[in-house]
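S.K.: Listed below are the residues making up each chain.
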Amino acid sequence: MKHYQFTLPKESEDFLVQRTCTKTKVIQELFGVFSNIQAMPIETPALEYARLFTDVLHGFQEKELLLWVNDEGETLAFRPEYTLPIARIVTSKLGFEAMRLCYSGTVFRRQEKYSGRSVEKVQCGVEVLGAVGEVCDESFEILQVIQTACQRLNLSKVLLTYSDVRLVQRFLSVLGCDDEKRDGLQNALEYKNSSYISSFIKTIELPLWQERMLLYLPHAFGGQEVLWKLLEYSEDAVLSEIIHEMIAFWKRMEVVYKTSPINGCVDAIGIAKRGYYTSTLLEGYIENQPFPMFQGGQYDTLYGLFGSTRCAVGLTFDVSELSVYIDRLKGGGECFGLD
Amino acid sequence: MLRIGLTKGRVEQQVLQRLEVCGLDVTLLRKKTRALRVRVDGYEFIFAKANDVMTFLEHGLIDVGIVGKDTLMEHPCTAYYEYCDLYLGQCSFAVASYPSYASTVFQRRKRIASKYVHVTKNYFHSKGEDVEIIKLEGSVELAPISGLADAIVDIVETGATLEANGLVVIEHVADISVRCVVHRTSFRFQKEEIDMFIKYLLPVSQRCVEEGGSE
Chain A
0 MKHYQFTLPK ESEDFLVQRT CTKTKVIQEL FGVFSNIQAM PIETPALEYA
50 RLFTDVLHGF QEKELLLWVN DEGETLAFRP EYTLPIARIV TSKLGFEAMR
100 LCYSGTVFRR QEKYSGRSVE KVQCGVEVLG AVGEVCDESF EILQVIQTAC
150 QRLNLSKVLL TYSDVRLVQR FLSVLGCDDE KRDGLQNALE YKNSSYISSF
200 IKTIELPLWQ ERMLLYLPHA FGGQEVLWKL LEYSEDAVLS EIIHEMIAFW
250 KRMEVVYKTS PINGCVDAIG IAKRGYYTST LLEGYIENQP FPMFQGGQYD
300 TLYGLFGSTR CAVGLTFDVS ELSVYIDRLK GGGECFGLD
Chain B
0 MLRIGLTKGR VEQQVLQRLE VCGLDVTLLR KKTRALRVRV DGYEFIFAKA
50 NDVMTFLEHG LIDVGIVGKD TLMEHPCTAY YEYCDLYLGQ CSFAVASYPS
100 YASTVFQRRK RIASKYVHVT KNYFHSKGED VEIIKLEGSV ELAPISGLAD
150 AIVDIVETGA TLEANGLVVI EHVADISVRC VVHRTSFRFQ KEEIDMFIKY
200 LLPVSQRCVE EGGSE
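Going down the list, the protein sequences come from chains A and B.
If you count by numbering that gives the first Met the number 0, then the first sequence holds residues 0 to 338, one letter each, in order.
If you count by numbering that gives the first Met the number 0, then the second sequence holds residues 0 to 214, one letter each, in order.
Bound-form chain A, shown alone (with noise of 0.2 Å):
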């Protein structure tokens, strides 16, 4: 007998029955949610030219990707996530109408975590899309979607974080510092590093209020206390603007939330991944879970890169992390992890 018989490449993983049933129950009921709000079912190819990810605004780095070289000399990249994908679809063959779309099925990255492990995981979501040219906002729906996915899980003690990219982009931009320097303070708060905010204080003279705004900004979580103290802070018109409406969304998610078992909080620091995002970020935890269940936020210069402009708003569920998580919870051995 050989080793590949019986055994796997440190990437690949079986799923087996426990596993398998509560992963299905849990895409059947995610997509029960999703229908409440008129959401189609929509499928994307596993492989598509890795330029769709790589070329986007900060996008995919190669080394993220699992690739492929075709007979015509391409290069294609198994899918790393939808939304990418989905907005090809949808300007290239749906339309300018506004929609709802939602999709689950498996996607490919290398990961630097757990030393390379999994590169494969289920994903669940949905894309709401307005219509091309029209200005709207649809995070009040995608509240509700969050809110009744995880009254339909069962999932107790979430927290939403909420965080907006705006804010630490405008405030690097008024900060009177060069590129190198900015990046360096980006990955400081990024990482929260307070030692780094610090030492870097005493090595550039900044007006009184930045100064301030720097030290207090790795510290910035909480409830809507941090939001007004930031606004103390801002002596930009601009950065303002940002903090009054991120006030107006959290009394939104108050009212949403006003009485769910989720429980929101503000991360003053918001910095996507992925470049796409332009302003409401969004990432739903569970105590003791090492990442998020499920995340998303709003896009609405996407759809421009591909040629029409339309406002978006997506998130996805970790579907494995979930049915991990479900299936810990239910001490294993019933067969649908969910009541």
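Check each hint, because a few of them may be wrong.
Stated by the list, open to error - Calculated lysine to any residue pairs in the SDA-like style (CA-CA distance at most 25 Å, straight line):
(1) B/K120 with A/R109
(2) B/K190 with A/Q294
(3) B/K48 with A/Q110
(4) B/K190 with A/A271
(5) A/K180 with B/S125
(6) A/K180 with B/S176
(7) A/K272 with B/H58
(8) B/K120 with A/Q60
(9) B/K190 with A/L158
(10) B/K190 with A/P289
(11) A/K272 with B/M72
(12) A/K62 with B/H58
(13) A/K62 with B/H117
(14) B/K198 with A/E210
(15) A/K329 with B/G59
(16) A/K180 with B/D174
(17) A/K180 with B/L71
(18) B/K126 with A/D178
(19) B/K120 with A/E189
(20) A/K92 with A/G58
(21) B/K7 with A/P289
(22) A/K9 with B/H58
(23) B/K190 with A/S198
(24) A/K180 with B/E73
(25) A/K120 with B/T77
(26) A/K180 with B/S91
I should point out that these hints are in silico values taken from the structure, not numbers from a laboratory.
Following the hints, complete the assembly by docking chain B onto the known chain A.
M.R.: Positioned in the frame of chain A, the structure of chain B alone reads:
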């Protein structure tokens, strides 16, 4: 209960000393003999090698990790916040070799030996310099001495080991010290507990600024 991963050895001793100064009873931690998990005053301490602290953190099995910046720079895990510098064990990464290295014009690809392959690769990439990296597990000073490599990238504290082998620091790569890192999920659920613990760890002079208290 806050779960803390502490790097065994010198870091452990320095951190325990600081916790003791700040009033935490560390008797059990000092007398742990071979126990690898000890509970004290509402904290659970896990003692492990630096890389393993990062692995436990990545899997969400500890909330706070105390490790050297060298480990953070070398380990692929990114699911953490580098919350603060504890200003302990301060030293640096440096390129070291014989003094003649700096003036030598190499007519071939330079060979650099190091235990820290990622740090070395990132440093020379940032300089746009193509080098061959040779991984060694320890006593890297042997590499230039034996002719295995032209230079090394290693941690330099006093420079005594380099000097004893006729080597000098050629270039400074990065500053290193002990850092307190926090898991991203734990930060969201236990921020207050984490901030309380960090108050024990930070030197008094740094507490105000690093807690965002600029007023």
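S.K.: Hint by hint, note whether the structure agrees.
M.R.: Checked hints:
Proposed proximity of B/K120 and A/R109 is supported: the alpha carbons are some 20 Å apart, at most 25 Å. Note on B/K190 and A/Q294: the hinted pairing holds, with a Cα-Cα distance of about 21 Å set against a maximum of 25 Å. At most 25 Å may separate the alpha-carbon atoms for a hinted pair to count; B/K48 and A/Q110 meet this at roughly 23 Å. A C-alpha spacing of about 22 Å is found between B/K190 and A/A271, which places the hinted pair at or below 25 Å, so the restraint holds.
A distance of roughly 15 Å separates the Cα atoms of A/K180 and B/S125; the hinted pair therefore holds under the 25 Å criterion. For a cut-off of 25 Å, the pair hint linking A/K180 to B/S176 stands: about 21 Å separates their Cα positions. A hinted pair counts as satisfied when its Cα atoms are at most 25 Å apart, and A/K272 with B/H58 qualifies at roughly 20 Å. Restraint check for B/K120 and A/Q60: satisfied, since their Cα atoms lie roughly 18 Å apart, inside the 25 Å limit.
Taken as a hint, the B/K190 and A/L158 pair is honoured in the structure, with Cα atoms around 13 Å apart against an allowance of 25 Å. Annotation: proposed proximity of B/K190 to A/P289 holds, straight-line Cα distance about 15 Å (limit 25 Å). Under the criterion of a C-alpha separation no larger than 25 Å, the hint pairing A/K272 with B/M72 is consistent with the structure, at around 19 Å. A distance of roughly 23 Å separates the Cα atoms of A/K62 and B/H58; the hinted pair therefore holds under the 25 Å criterion.
Only pairs whose Cα atoms come within 25 Å are accepted, and A/K62 paired with B/H117 is accepted, the gap being roughly 15 Å. Between B/K198 and A/E210 the alpha-carbon distance is near 22 Å, which keeps this suggested pair within the 25 Å criterion. This hinted pair checks out: A/K329 and B/G59 have alpha carbons roughly 20 Å apart, not beyond 25 Å. This hinted pair checks out: A/K180 and B/D174 have alpha carbons roughly 17 Å apart, not beyond 25 Å.
Proposed proximity of A/K180 and B/L71 is supported: the alpha carbons are some 21 Å apart, at most 25 Å. For a cut-off of 25 Å, the pair hint linking B/K126 to A/D178 stands: about 17 Å separates their Cα positions. As the CA atoms of B/K120 and A/E189 are separated by approximately 23 Å, the hinted pair is consistent with the 25 Å bound. For the suggested pair A/K92 and A/G58, the alpha carbons sit about 23 Å apart, so the restraint of at most 25 Å is met.
A distance of roughly 24 Å separates the Cα atoms of B/K7 and A/P289; the hinted pair therefore holds under the 25 Å criterion. Proximity of A/K9 to B/H58 is assessed by CA-CA distance (about 17 Å); at most 25 Å being required, the pair is judged to hold. Only pairs whose Cα atoms come within 25 Å are accepted, and B/K190 paired with A/S198 is accepted, the gap being roughly 23 Å. Between the alpha carbons of A/K180 and B/E73 the distance comes to roughly 22 Å, so the proposed pair stays at or under 25 Å and holds.
Of the pairs offered as hints, the one joining A/K120 and B/T77 holds, with about 18 Å between alpha carbons and a cut-off of 25 Å not exceeded. The straight-line distance between the Cα atoms of A/K180 and B/S91 is roughly 21 Å, inside the 25 Å bound, and the hint therefore holds.
In this structure, every one of the numbered hints holds.
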